[in-house]
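Residue 156 is where the sequence shown starts when you use our numbering, and the numbers rise one by one after that.
Hints listed in this document are in silico derivations from the structure and should not be mistaken for laboratory results. Model, not experiment: these values are computed from the prediction. Beta carbons: idealized from backbone N, C-alpha and C, even for Gly. It is possible that part of the hints are untrue.
Under the rule of at most 16 Å between Cα atoms (straight-line distance), these lysine to aspartate or glutamate pairs were calculated in the EDC-like manner [claimed, not checked]:
| # | residue 1 | residue 2 |
| --- | --- | --- |
| 1 | Lys506 | Glu570 |
| 2 | Lys506 | Asp554 |
| 3 | Lys506 | Asp553 |
| 4 | Lys506 | Glu490 |
Simulated restraints on C-beta separations [stated by the list, open to error]:
| # | residue 1 | residue 2 | range |
| --- | --- | --- | --- |
| 5 | Ala544 | His335 | 26 to 34 Å |
| 6 | His285 | Thr222 | 23 to 31 Å |
| 7 | Phe504 | Glu455 | 39 to 47 Å |
| 8 | Ser259 | Gly543 | 17 to 25 Å |
| 9 | Arg467 | Pro579 | 28 to 36 Å |
| 10 | Phe503 | Glu199 | 54 to 62 Å |
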Amino acid sequence: MILQRPRLTLTVFVLMLTSISLFAANASPVLVPALVTEGLEVVESVGVFGQPIQAVHGRLRNVSSETAYTDISLRAEIYDADEALIGEGFGVPVDACGAGWLPSYSLAPEGSAHFQIALEVFETDARIRHVDVFVTALATEPQAAVALPEGFTRLSDQPVIEVEWLDESRLRYGTGCERHPFTTWEWMETGMELSAPVPVEHPRAAAVTSELLERLGAGEPAEEEHAFVRFAPDGERLVFQNDINDLLTAAADGRFQRVVQRALHNRTLQGVHWQPEGRFLAYYFGGYGDPVVYFTATAEAQPISAAPANNRPSQIVPGISRDANRAVIAGIFGEGEGYYITVFNNGFFEKLFDATPPGNNYPAPLLVTDPATELVSRIYLALDDETGAARLMCFNRDDDTLHDLAPLPLELAEEERAAWWFSPDERKIALAATGLHSGLWLIDLDVLPDCAT
Numbered sequence: 156m157i158l159q160r161p162r163l164t165l166t167v168f169v170l171m172l173t174s175i176s177l178f179a180a181n182a183s184p185v186l187v188p189a190l191v192t193e194g195l196e197v198v199e200s201v202g203v204f205g206q207p208i209q210a211v212h213g214r215l216r217n218v219s220s221e222t223a224y225t226d227i228s229l230r231a232e233i234y235d236a237d238e239a240l241i242g243e244g245f246g247v248p249v250d251a252c253g254a255g256w257l258p259s260y261s262l263a264p265e266g267s268a269h270f271q272i273a274l275e276v277f278e279t280d281a282r283i284r285h286v287d288v289f290v291t292a293l294a295t296e297p298q299a300a301v302a303l304p305e306g307f308t309r310l311s312d313q314p315v316i317e318v319e320w321l322d323e324s325r326l327r328y329g330t331g332c333e334r335h336p337f338t339t340w341e342w343m344e345t346g347m348e349l350s351a352p353v354p355v356e357h358p359r360a361a362a363v364t365s366e367l368l369e370r371l372g373a374g375e376p377a378e379e380e381h382a383f384v385r386f387a388p389d390g391e392r393l394v395f396q397n398d399i400n401d402l403l404t405a406a407a408d409g410r411f412q413r414v415v416q417r418a419l420h421n422r423t424l425q426g427v428h429w430q431p432e433g434r435f436l437a438y439y440f441g442g443y444g445d446p447v448v449y450f451t452a453t454a455e456a457q458p459i460s461a462a463p464a465n466n467r468p469s470q471i472v473p474g475i476s477r478d479a480n481r482a483v484i485a486g487i488f489g490e491g492e493g494y495y496i497t498v499f500n501n502g503f504f505e506k507l508f509d510a511t512p513p514g515n516n517y518p519a520p521l522l523v524t525d526p527a528t529e530l531v532s533r534i535y536l537a538l539d540d541e542t543g544a545a546r547l548m549c550f551n552r553d554d555d556t557l558h559d560l561a562p563l564p565l566e567l568a569e570e571e572r573a574a575w576w577f578s579p580d581e582r583k584i585a586l587a588a589t590g591l592h593s594g595l596w597l598i599d600l601d602v603l604p605d606c607a608t
């Protein structure tokens, strides 16, 4: 059984934000024009014991260009149509998945954050007419902007989960909570010809109908979240998992389902990475530090690798080649700790170099294949240096050398993640991260040092 919390938005409520105040230390509340809210709504969910839970969800935006705010907390007062106080609540800024930020969290100038305020209504039959929200915070100096290396461009400061390249100069990206369906993410498009990212609807969103979800056995919100529906970017099929974690593929309308892998009931699907012609990697782990198990297959349900139980586990998310037949993994194997390359169709397994893997929340290696030999010639990867700072590295198999190309703007806590994607011509990388230091960066490899001696 899947134990999730279904969520229902109550659109019948009339919500009015009447004031937002800043309470500085030892000072009376004052109106703060720099702190504004967006998208206020009252959300009702069901607790673990079946009790109704109400909360105010919204976004807090700091429109100041100079001042940051920390130690942020929010208080709500609830009123009925007679202006009688019928409840109250307290809350904090939260990440995209609803987890509260620590008091040390700082809302940067011109930054924004989601917030949630749990409500306590004094009478069960009371009807909410409006909610007043008050914010307490401390003004603080903003953190100095991190200087980016030459060849790096920041495209977003939001928690970016997925990137889809449209061509060599344009891409589409989604922000939100990685556990939620992709149809709930906010999608943006950007490119060389655009001065700023523009909101777009994902082209596959309209295909996720109630009929499709019913065919996939995902008609309820919790079931849809668990199903992990992902469409092949260049095909007409999708992948999903059923209620016992079997991974299947189906036509875009949910018909013609085919089983790809079974016996995954004790595994947690964490991601699907697509390659051309409907090839993909599916990978599983429980939490930070757990080994990663994985397999590769096609959207037509044709296996490429062995089943997860028969592949060597990895300490990192594996990087796969365009044909999904080669993978770079990391761990301690026969020749000690380091990075290894494996070929699924012939059992080839070879150590590439010694290194300490950074963990399963770092980006998977990116593989470049020589078109003449069809062999992996270069591998781009993220490694920590001796100080713990993330670096962009490149291993050249021709000269058997690991080259240090540039620092990476990654500061990940254990529960935060980063991923990246090659452009079609493999000359640019889109690097994304979630968490406190989230964002999206474009890396131009033509500007960086060569991956060669």
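Each hint, compared with the structure:
no. : hint                         : result
1   : Lys506 to Glu570             : violated (29 Å)
2   : Lys506 to Asp554             : holds (14 Å)
3   : Lys506 to Asp553             : holds (14 Å)
4   : Lys506 to Glu490             : holds (7 Å)
5   : Ala544 to His335: 26 to 34 Å : holds (31 Å)
6   : His285 to Thr222: 23 to 31 Å : holds (29 Å)
7   : Phe504 to Glu455: 39 to 47 Å : violated (27 Å)
8   : Ser259 to Gly543: 17 to 25 Å : holds (19 Å)
9   : Arg467 to Pro579: 28 to 36 Å : holds (30 Å)
10  : Phe503 to Glu199: 54 to 62 Å : holds (55 Å)
Checked against the numbered hints listed earlier, the structure breaks hints 1, 7; every other hint is satisfied.
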